[in-house]
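There are 4 protein chains.
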Amino acid sequence: MSIPVILDVDTGLDDACALLLAARHPDLDLRAVTCVAGNADVDQVVRNTLLVLAAAGRHDVAVARGASRPLLEPARAARHVHGEDGLGDLDHAALGLPAATGEVDQRHAVELLRDELLAAASSGERITLVPLAPLTNIALLLRTYPEVAKGLRRIVFMGGAAAVGNATAAAEFNIWHDPEAAAVVLDAARELEIPVTMYGLDVFYDVRVSRDEAVELLAVAAPATRLAGALVQAQCVKFGTPSATIGDAGAVCAVVDPAGLTTSPLAVHVELAGARTRGQTVVDRREWVGDLDHDPHGIPPTVVDVALAVD
Amino acid sequence: MSIPVILDVDTGLDDACALLLAARHPDLDLRAVTCVAGNADVDQVVRNTLLVLAAAGRHDVAVARGASRPLLEPARAARHVHGEDGLGDLDHAALGLPAATGEVDQRHAVELLRDELLAAASSGERITLVPLAPLTNIALLLRTYPEVAKGLRRIVFMGGAAAVGNATAAAEFNIWHDPEAAAVVLDAARELEIPVTMYGLDVFYDVRVSRDEAVELLAVAAPATRLAGALVQAQCVKFGTPSATIGDAGAVCAVVDPAGLTTSPLAVHVELAGARTRGQTVVDRREWVGDLDHDPHGIPPTVVDVALAVD
Amino acid sequence: MSIPVILDVDTGLDDACALLLAARHPDLDLRAVTCVAGNADVDQVVRNTLLVLAAAGRHDVAVARGASRPLLEPARAARHVHGEDGLGDLDHAALGLPAATGEVDQRHAVELLRDELLAAASSGERITLVPLAPLTNIALLLRTYPEVAKGLRRIVFMGGAAAVGNATAAAEFNIWHDPEAAAVVLDAARELEIPVTMYGLDVFYDVRVSRDEAVELLAVAAPATRLAGALVQAQCVKFGTPSATIGDAGAVCAVVDPAGLTTSPLAVHVELAGARTRGQTVVDRREWVGDLDHDPHGIPPTVVDVALAVD
Amino acid sequence: MSIPVILDVDTGLDDACALLLAARHPDLDLRAVTCVAGNADVDQVVRNTLLVLAAAGRHDVAVARGASRPLLEPARAARHVHGEDGLGDLDHAALGLPAATGEVDQRHAVELLRDELLAAASSGERITLVPLAPLTNIALLLRTYPEVAKGLRRIVFMGGAAAVGNATAAAEFNIWHDPEAAAVVLDAARELEIPVTMYGLDVFYDVRVSRDEAVELLAVAAPATRLAGALVQAQCVKFGTPSATIGDAGAVCAVVDPAGLTTSPLAVHVELAGARTRGQTVVDRREWVGDLDHDPHGIPPTVVDVALAVD
Ligand SMILES: [Ca+2]
Ligand SMILES: [Ca+2]
Ligand SMILES: [Ca+2]
Ligand SMILES: [Ca+2]
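Chains as they are written, first to last, in our numbering: chain A, 1 to 311; chain B, 1 to 311; chain C, 1 to 311; chain D, 1 to 311.
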């Protein structure tokens, strides 16, 4: 039986890989995709998402536009990583990709998520939500419609880091991009008892595809496979490396094959106030907790399954 | 011609006065009321609001339930001010108030606001939004549906302080209750060019009704008037004072009679990170701005019409 | 009997007025002057201080060099206010001022302060310390040699604001220049039971000398009086105003004539962490303290006599 | 030729090991020891230090009392780790330790440090300063007497963590105990060009002595060796482990044998403002610095040799 999933994306090279995987994997039932500003502006994210789903032959999947900016931080696209179009500036015609004829859903992303999750709850299902982007949409969802929790199996998000950041020394890009949203989502998950898995930088760079494998993928007839090859190749070229991380797609793998990921249940806070640590996911990895009486007061932490290693 | 208004409330003694005024004043056209957690929990706020509108004979006004808690701060009711029921624990039967037979709208407060504001925009109207409570609903609205700005004439909110706070030395209750929401609303207003008037503690305590006037109101036949008298009397008794502030109702007065309020356009920030100033509205009242180069970087301020005196 | 005082200065136009007053006033016994970086760099401050004391005919007063920079903030001179030399770039020759032949004391300011205060304690005296600059020296003093408290009658400092700042919307220059030092001094004063009077922006601009009065002072034979006139005139010219604040000198007046100042004992914190409020003196002016349970935990406030009005 | 060193301690079980090592190692020339509040109150620290130096037969080493509390944080002893006397509550008589007949130096720790460092500078020497405690004394020293830098070869401090904390999830005890002092020391080291090595939690627990080795040490005639054995044994008993970290003594080893430690020059900040990260040493371990434009403004980082592994 396949696992019902919804992806929340800021497509994005690696979101594209994740979308292809979620759209084509036989063990996953992709119910909807919601879009948010992050790697690119939200309208570009919608276009990219429709294009990727078209390549995957999944015009049936509802795609909705969500928040056009973070709660408080200004929107900041990551063009230096993802190109002008957020998708590596690929030559779609040369790749022989089908046109993105899909229509965007008329509902806001938050409403599409609410409708899908409440429908799942009514039919006794539980959906796995996979945010691969700043958590703005999910924060708005959980604070406006907390009743959706009963349609959620769990949240597996790409973001954060137990050790070292990338956007800053301490913070990972998705969390740093909208720290308040991340703090809201963790706090709401604790309050609403939604299990959370954090697929962060501690494993993000460890799942890789080689440039040679990308070339093989490019030779396959199926457009989805060719697009996957092109996305990997684009990253190898951009960074001058012999392989590329599958990035966000790793979080989808973690849904398909939880055993492939080593996680620990750890207390996590999102730091909002630090001069140098804003957007850091503070993961408590202390073995000895004799100093807990020193811990600051305030919002309690959320116990999150933090991914620490991949097979 | 009357001014179309929507109130967002956490009824609350003084929200009740404001509701009565907005519901009965011939120059105001009360389109809807949305409820949020604050002085009381949101379900109590809905009940109180329906009761007050019933007393005002306004079963026609749509009332919607909104956020049950702030974005990040835990919900904290102010029972020490507003009583167990958030409305002064009045004896409704003794007051001869009609039953609250109104039904709560099936839409979330955010959706009711969106629908009313987009409808207004379509018909060429502009609605004045009057938040008298923590700004959670309005923050969720403006970040989920920024397009509602075209149906807004302005926002006149009760909250903040240019000088001294009440919840803490630096912060006023509504802002302190949900500082992130307040910061979101000010930032969104700047971005979406929505005029904002801040009716804060600098004037809040200056508009007062005496205990004698309350007794006169209690002798009037109309239930709305009797309720108003009872609300004022309850506060006089509670604080042992010969008069009570009309509180939130002053913000409604400011909509009816803008000339009664002295305001200045001043740059305002909501402080989120301070150890002692979290929730403070930092109002820049410097006459000489030669030191502006010292000012911190970051999110730009919003120019707000800050109420500094009342006639 | 005259009051023994020590001034800690960053001379500075208004420190110069204060020094002249302290050096010449019959009711004050100026024991020493310590210098710190602030309006100008510390070596310039030492030169300016020696020049002013020479004009006052007080070569006998020991002058020591102190901290060359704040604890954490970078040093930032206020040349736009105080001129290139920190003293209004006056023409000393034209004013007929005597040469600054005084020698700087070989001790560090912190040691001079320690020696004077311990000597006072030994002889049963209590000295009034009057910091008119960033509080770096005083913070280093009180944390290195807390035993000096027994030689201190009280601290009367120029700095802070109960209402509006000048360096930023929330912070006054001296506190903003070294917020950690200010926080240390207030906390040490609480711990060591040293009475503190805060002469801040709430009164700073209210004690003024007119341009006409300055012209009269310039016509007097005594160099100290002529210098005072020149300092006032320089400020009137700089800001294009018919009068100038005596600024820091007001804090010295408050020592000579405490009755001329209306103060209230209020709880004060120095905010260190705020994004917009760093360096603010958070003064608790709430009349009703029913909300004290909302107050943040952490370092307790210091009860300070805050100057709120001058006669 | 031996290396001249000064230790700054809060003795403390592991400071005691470090003192014994520094006092007895032929390659080290222990010039002085300064004491500060930390694991125990400063008077207890002085007593413990004199006792350890007596056991080491080093009555010749000057010991000075320093700061009795952190700059801003309240003093907080770690009795749960170090016992009531800060030294494991050992039975000194049973151990046959000599009496602590040494006298405490009459100078404040800050003055002893200044005198030793300026004397070294005059004679063309450079001293290695080894702080094993909260950095209060060193912060006061470097801001009061920055000229001591010319007598310093480098600072090798025990404190901080690149990965996980102990006092809190993010902060190591010494830094957390006085975060402002740590920030001052790093900033002063950058400004004064003093090389710094951070011996933090990333290696702290890796250098260990077994309980069996401790028993062997206890059988040796020399009191210093017996005391070392007793200190190790006390920790093994306290934590129920077959071995104990040598803790602070590892930082002394790093001075004797720099090759035994793998370090990397990394940018380090001390976070002061974070709600959950106050006292964290933010170590920038990013390989790819393409996101540096995202980094916050403010005080620049200090490049520190961070110990990441021990042989
Ligand atoms: Ca993504
Ligand atoms: Ca209200
Ligand atoms: Ca000054
Ligand atoms: Ca130690």
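Honestly, the hints are just simulated from the structure, not real lab data.
Keep in mind it's a predicted model, so treat the numbers as computed, not measured.
One or more of the hints may lead you astray.
Stated by the list, open to error - So, partial list: chain D residues that the calculated Cβ filter (under 10 Å) puts toward chain A: (1) Met1; (2) Pro4; (3) Glu111; (4) Arg114; (5) Asp115; (6) Phe173; (7) Pro265; (8) Ala267; (9) His269; (10) Glu271; (11) Leu272; (12) Ile299; (13) Pro301; (14) Val303.
Ideal placement from N, C-alpha and C gives every residue a C-beta, glycine not left out.
Structure-based check of each hint:
For the restraint placing Met1 of chain D at the interface with chain A, the shortest Cβ-Cβ distance is roughly 39 Å, beyond the 10 Å limit, so the hint is violated. The beta carbon of Pro4 of chain D is not positioned within 10 Å of any beta carbon in chain A (closest approach about 35 Å), and the interface hint is therefore violated. Violation of the interface hint for Glu111 of chain D is found here, the shortest Cβ-Cβ separation to chain A being roughly 32 Å, above the 10 Å cut-off. Hint status for Arg114 of chain D: violated, given a least beta-carbon distance of 31 Å to chain A, over 10 Å.
Among the interface hints, the one on Asp115 of chain D is violated; its C-beta lies about 36 Å from the nearest C-beta in chain A, farther than the 10 Å criterion. For the restraint placing Phe173 of chain D at the interface with chain A, the shortest Cβ-Cβ distance is roughly 8 Å, inside the 10 Å limit, so the hint holds. Interface hint at Pro265 of chain D: violated, since its Cβ lies 14 Å from the closest Cβ of chain A, which is beyond the 10 Å cut-off. Of the supplied interface hints, the one on Ala267 of chain D holds, with its beta-carbon coming within about 7 Å of a beta-carbon of chain A, less than 10 Å.
Restraint check, His269 of chain D versus chain A: the minimum CB separation of about 5 Å is within 10 Å; hint holds. Evaluation of the Glu271 of chain D hint against chain A yields a held restraint, the C-beta minimum of about 5 Å falling below 10 Å. Interface hint at Leu272 of chain D: satisfied, since its Cβ lies 7 Å from the closest Cβ of chain A, which is below the 10 Å cut-off. The closest approach between the C-beta of Ile299 of chain D and any C-beta of chain A is roughly 8 Å, which is under the 10 Å cut-off, so the hint is satisfied.
Because the smallest distance between the Cβ of Pro301 of chain D and any Cβ of chain A comes to about 8 Å, under 10 Å, the interface hint for this residue holds. At a threshold of 10 Å, the smallest CB-CB gap from Val303 of chain D to chain A is about 13 Å, leaving the interface hint violated.
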